[in-house]
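> Fit chain B to the supplied structure of chain A, relying on the hints for placement.
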Amino acid sequence: MMTTFTSSEVTTISLAVSFLLCAFLGSGKFRLGQIVRYYALQSLFLAGLLISLAAYGDKHLYLSALGVIIFKVILIPAIISTNAKRSSASGRLTSFVRPAPSYFVSGGTLLLAVLAGMSIAPALQETDLILTVTAFAAMFLGGAMMAVRRDLYSQIIGFFTLENGIAILAAATLGAIPLLAEIGIFLTITIGALLMSVLSRRLKELYAVEDTGELRELVD
Amino acid sequence: MPFILVLILASGAVTAYLPLSERRIRDLGVVVAAVSSVLAVYIALPAFGVFVGEQSLVTGPTGVFGPGSLWYLDSLAAMMLSLIALISLSSAVISHRYLAHEFREKIVSLTDIRHYYSMVPLFVASMYVATLSNNVGLLWIALEATTLSTTLLVAFYRKRSAIEAAWKYVLLCSLGISLGLVGVLLITYAAGQNGANSSLLLSTFRDIVAAGGVNTDLIKWAFVFLFIGIGTKVGFVPMHAWLPDAHSKTPSPVSALLSGTLLNVAFVSLLRFRQVTDMALMDDGAWTGKFFLVFGCLSIVVPALIMVIQKNYKRLLAYSSIEHMGLMAFAIGLGPAGIIPAVMHLPGHALLKSSLFVGAGEIFLTYKTTDSAPVTDVWKRLPKTAVLFLLTLLMLLAVPPSAVFVSEMIMVGFGLRDYLLPTLLVVVALTVVFVAMLRHIYTMFFSAPTVNTVLTNGAVEKWNVTHVVMTIQLIAAAVLGIFYLTPKGLEIMVGIAQSLNSGLL
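Protein chains in written order, with numbering that gives the first Met the number 0: chain A, 0 to 219; chain B, 0 to 504.
Hints are computed from structural coordinates only; laboratory data are not their basis.
Computed from a predicted structure; not experimentally measured.
Errors might be hidden in some of the hints.
DEER-style ranges, computed between Cβ atoms [to be verified]:
(1) B:Arg23 to A:Arg85: 42 to 48 Å
(2) B:Ser160 to A:Leu62: 40 to 46 Å
(3) A:Leu62 to B:Ala209: 52 to 58 Å
(4) A:Ser7 to B:Leu6: 41 to 47 Å
The beta carbon of each residue, even a glycine, is placed where N, CA and C say it ideally should be.
Chain A on its own, in the form it takes in the complex (with noise of 0.2 Å):
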């Protein structure tokens, strides 16, 4: 039997999966530029699948989607952007593993993430199942990157890759937040960019240090 999709499903289906593409896409690239523009992208698809669950059911997730739009579109990518050129960081990023085979790591994670999310899913029993994988999905995306890469820049983006996925499973699961709430979070979330930034911006001024496996003094 052939299951029919509805429109709005299959709007759904479709941003979720260009959300993902782009994070798959920005996990295997080593150019700062690429992977804070993937980043926007990203946070852009996520909007857009805002934007479609609220046309469908809660008017408040729109303005969810612009708080998207504001904090993750424009602030935050602008934040580290600008943050790497004032220290003239270097474009080319480093990794435990080269290009390719860190779409393979990205790939294997997305196995995992499938797996995950499909094994929570039942206990969501009202939620839709593509956005709980996709959830799922974009948090050990963000997390595999935070592992594998070596450079301060990759492991503040793997990280706010991960939490787009929070978003989402936030979207799929309790529609809007209250705004108060929402507002908080995307504040400590911007702070939060705010802060890695002028951290790397630090660490590249003041020690010429962008690599993570150099930041090894502190051990026991």
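Frame of chain A; chain B shown alone:
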């Protein structure tokens, strides 16, 4: 009232940037801490009346802390408020002297002092909010705010190691708290699954799960994420990597706040979620207890081994903090009654550890290093600090009449009855900690000065404000220990423990 508290502290953060002298900024820091501490204790006061008895939720005449409110005040929150108030005031008083010294020595600039006095009030405000919040969204924001407001304090000295510590701190804690957010989302979803309006309020979660019928699988998933997420902030092994670095790199008055209060705030937040989980699972805390028992034992044994080879006295204290969080987790893992020694342990550790960190600050001001090797002959060079430090250390190592002695005695008693092997392991680890810490401090205090020892001057140490604070906290920990042994003391601690229990005590 909590809004006013936050407003006072936020104003304090802003005043640090007014065109004032370095001296005036430090003075204002003490004033802000004093006013906010008095207000915090005033907020906590109504809950002292319900320390004993079944009902611990305060429904004051204004309804600020009533059901459905953004804020929640029970006897445990009141105890936490009082502890934060005391330790933040102590920290502000000591910061006044500590930063004056560092400013004179040109270690820090006026701008650094402004940053310091803007970040610390925000940090303290975040802890107050996390303690009082009934809204899980606000709780999450407050916990993350504690990390963000202290990141630049960890990087305060701008040394490579300090920035490395700050990097690890902000990344690992933010990652942990993000995973905690997944747990918050799942638990909120589970609470709202049956059509109930959970409104993100912890008190409503408790009502919903108490009524039964929630999806227990989802609650379990939520707790796993919460345990890993908030557990990272508590410093449980193996999520502890950031803690020794961050606690050893901050200025000592901030280290005192981090170890003495922040870890406890995170721990209590975790216990609030654990309570909801236990109520949903209706298993006397058996399922969640396993997490606390395993991670508790790990967090006692691993730091104990690292303390043996430790070469930095502030890191030694930081590992000791992990060990004490492990002890509290171990107590929780022992079953419903284990909450009693856990809440007894909390104030004892908070008072003593913060005192040790400010004592370590005195040593640092003289020797200019946190490495233990160059620090020798402290007993003769800093006799007052040395005596107080040693007495506080002995109290922390559970020598009577310390509050820590009473709590550890009770938890070991419960443990030997119910979990013999893990308890024996813990006792052995505690013995290792005892020997390792005393040996470390003995070498610093009593070994003869070496040529590498940095001597600032040969003057005899004067009695100063740090000694006053250390003495007060030392006496408080001893009095608390004696008080625990009285019937009234035990009754009060059982009352506080009840606010965390799922109706099992």
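> So the hint says 52 to 58 Å: do the beta-carbon atoms of Leu62 (chain A) and Ala209 (chain B) match that?
The hint (52 to 58 Å, Cβ to Cβ) is violated, given that Leu62 (chain A) and Ala209 (chain B) are roughly 33 Å apart.
> With respect to the beta-carbon atoms only, verify the hint that Ser7 (chain A) and Leu6 (chain B) lie 41 to 47 Å apart.
45 Å, holds
> Could one say that the CB atoms of Arg23 (chain B) and Arg85 (chain A) fall in the range 42 to 48 Å?
Violated - the Cβ-Cβ distance for Arg23 (chain B) and Arg85 (chain A), about 33 Å, lies outside 42 to 48 Å.
> How does the Cβ-Cβ distance of Ser160 (chain B) and Leu62 (chain A) compare with 40 to 46 Å: does it lie in that range?
43 Å, holds
The structure fails hints 1, 3 (numbered hints given earlier, in ascending order).
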